[in-house]
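Whatever position you read off the sequence shown (first residue = 1), add 510 for my numbering.
Derived by calculation from the structure, the hints in this document are not laboratory data.
The beta carbon of each residue, even a glycine, is placed where N, CA and C say it ideally should be.
Just so you know, not all the hints are guaranteed correct.
Said to hold, decoys possible - Okay, the calculated beta carbon distance ranges per label pair: (1) Y591 <-> L726: 29 to 37 Å; (2) L618 <-> Q719: 25 to 33 Å; (3) E728 <-> E663: 17 to 25 Å; (4) Y686 <-> F601: 16 to 24 Å; (5) R707 <-> K587: 18 to 26 Å; (6) E728 <-> F601: 30 to 38 Å; (7) L726 <-> E630: 38 to 46 Å; (8) S583 <-> R707: 47 to 55 Å; (9) E663 <-> E580: 34 to 42 Å; (10) S631 <-> N602: 29 to 37 Å; (11) Y627 <-> L726: 52 to 60 Å.
What the hints assert, rightly or not - The calculated lysine-lysine pairs, modelled on DSS-like cross-linking and capped at a C-alpha distance of 30 Å, are: (12) K717 <-> K692; (13) K587 <-> K607; (14) K607 <-> K595; (15) K692 <-> K725; (16) K698 <-> K725; (17) K587 <-> K717; (18) K698 <-> K717; (19) K698 <-> K587.
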Amino acid sequence: MCGGNAMTNQIVFCGRFKNLLVLLAKLTFALVRTKETCVDGGSPMLLRVALINLCLMSGVLCWTNEQLLETISLACKIENYVCPKDQYGIFNGYLWKWNIENIISSDLAHQFRRARYLSESILSEIRDTYCCFEGPCLARCGIFEKSEIDLVEGFPGNAQTILNLNLPELEPYREYVTNWLKTHLDTKFPTGRLPARLEDFFDALYKYQDLIRTKLRENELFTHVFVSLRCCETVPRVPPLLS
511 MCGGNAMTNQ IVFCGRFKNL LVLLAKLTFA LVRTKETCVD GGSPMLLRVA LINLCLMSGV
571 LCWTNEQLLE TISLACKIEN YVCPKDQYGI FNGYLWKWNI ENIISSDLAH QFRRARYLSE
631 SILSEIRDTY CCFEGPCLAR CGIFEKSEID LVEGFPGNAQ TILNLNLPEL EPYREYVTNW
691 LKTHLDTKFP TGRLPARLED FFDALYKYQD LIRTKLRENE LFTHVFVSLR CCETVPRVPP
751 LLS
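Make a model of the complete structure from these sequences and hints.
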């Protein structure tokens with residue numbers, strides 16, 4: 511097994527070791543074809559050496575089980591929580607630990623241990639295979655998706671109205687949200703993983719929701735009164751009929 515504590519050094523070492531074995535196998539088969547060295551009544555000894563080299567090449571492991579578990583923990587981490595899919599966790603109430611036996615015996619684990627490079631495609635497969643990001647499995651870990659308040663659910667349609675309140679508490683987010691609105695013309699609530707800055711804006715909407723609602727009501731009342739007054743001004747006054 512390829513050893514080493516540093517992952518970078520291990521990748522290079524394992525890659526070079528595999529390349530060396532491939533070269534040895536090719537050279538050995540080339541010598542076998544020349545039939546220059548035979549023993550045991552014509553049985554080619556070098557052919558046996560070549561087969562041994564191929565066996566070593568196919569069996570070399572470039573990543574350990576410990577590194578697999580470390581990679582899974584990092585790949586599954588979203589914000590401050592980690593949660594495994596049901597078959598890869600052992601649960602006791604909301605407490606859990608990784609089911610190491612199921613993990614290291616899985617098909618993806620075998621693929622991981624023999625991978626020359628830790629590619630994005632392998633990391634994506636690890637997330638899809640071992641990690642829980644949504645659905646009932648989150649509840650097994652004691653993680654419950656919070657329902658969004660109406661101020662957040664109304665985004666992005668209400669964003670400009672909220673920014674127009676000119677609240678000092680929301681000013682740090684004005685530039686980012688304004689630029690985001692310019693590049694995202696869809697009026698539906700964004701799905702998937704949101705930019706951190708947008709999440710911060712939503713957190714501010716939660717934190718200052720009472721203040722925001724108060725200002726919105728004041729604006730609504732002002733608008734209603736203003737419109738009513740304008741309507742009254744535009745209604746023609748009909749002089750009373752002379753009797």
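Hint-by-hint comparison with the structure:
Restraint check, Y591 to L726: a C-beta distance of roughly 33 Å satisfies the suggested window 29 to 37 Å. A hinted range of 25 to 33 Å is violated for the C-beta pair L618 and Q719, which are about 43 Å apart. One distance hint, 17 to 25 Å for the beta-carbon pair E728 and E663, holds here, with the actual separation near 22 Å. Taking the beta carbon of each, Y686 and F601 are about 39 Å apart, not inside 16 to 24 Å as hinted.
For R707 paired with K587, a C-beta distance near 20 Å keeps the hint of 18 to 26 Å intact. The hinted window of 30 to 38 Å between E728 and F601 is violated, with their beta carbons roughly 50 Å apart. Checked against the given bound of 38 to 46 Å, the beta carbons of L726 and E630, roughly 44 Å apart, stay inside it. In this structure the hint that S583 and R707 lie 47 to 55 Å apart at CB is violated, the actual value being about 26 Å.
Checking the proposed 34 to 42 Å range against E663 and E580 shows it holds: the Cβ atoms sit about 38 Å from each other. S631 and N602 have their C-beta atoms about 34 Å apart, which keeps the hinted 29 to 37 Å range intact. Checked against the hint of 52 to 60 Å, the pair Y627 and L726 passes, with Cβ atoms roughly 53 Å apart. At roughly 25 Å between alpha-carbon atoms, K717 and K692 fall within 30 Å of each other, so this suggested pair holds.
For a cut-off of 30 Å, the pair hint linking K587 to K607 stands: about 14 Å separates their Cα positions. A hinted pair counts as satisfied when its Cα atoms are at most 30 Å apart, and K607 with K595 qualifies at roughly 11 Å. For the hint pairing K692 with K725, the CA-to-CA distance comes to about 25 Å; that is within 30 Å, so the pair holds. Under the criterion of a C-alpha separation no larger than 30 Å, the hint pairing K698 with K725 is consistent with the structure, at around 24 Å.
Simply put, K587 and K717 have alpha-carbon atoms about 25 Å apart, close enough for the 30 Å limit, and the pair holds. Of the pairs offered as hints, the one joining K698 and K717 holds, with about 23 Å between alpha carbons and a cut-off of 30 Å not exceeded. Of the supplied pair hints, the one linking K698 and K587 holds, its CA atoms being roughly 27 Å apart against a limit of 30 Å.
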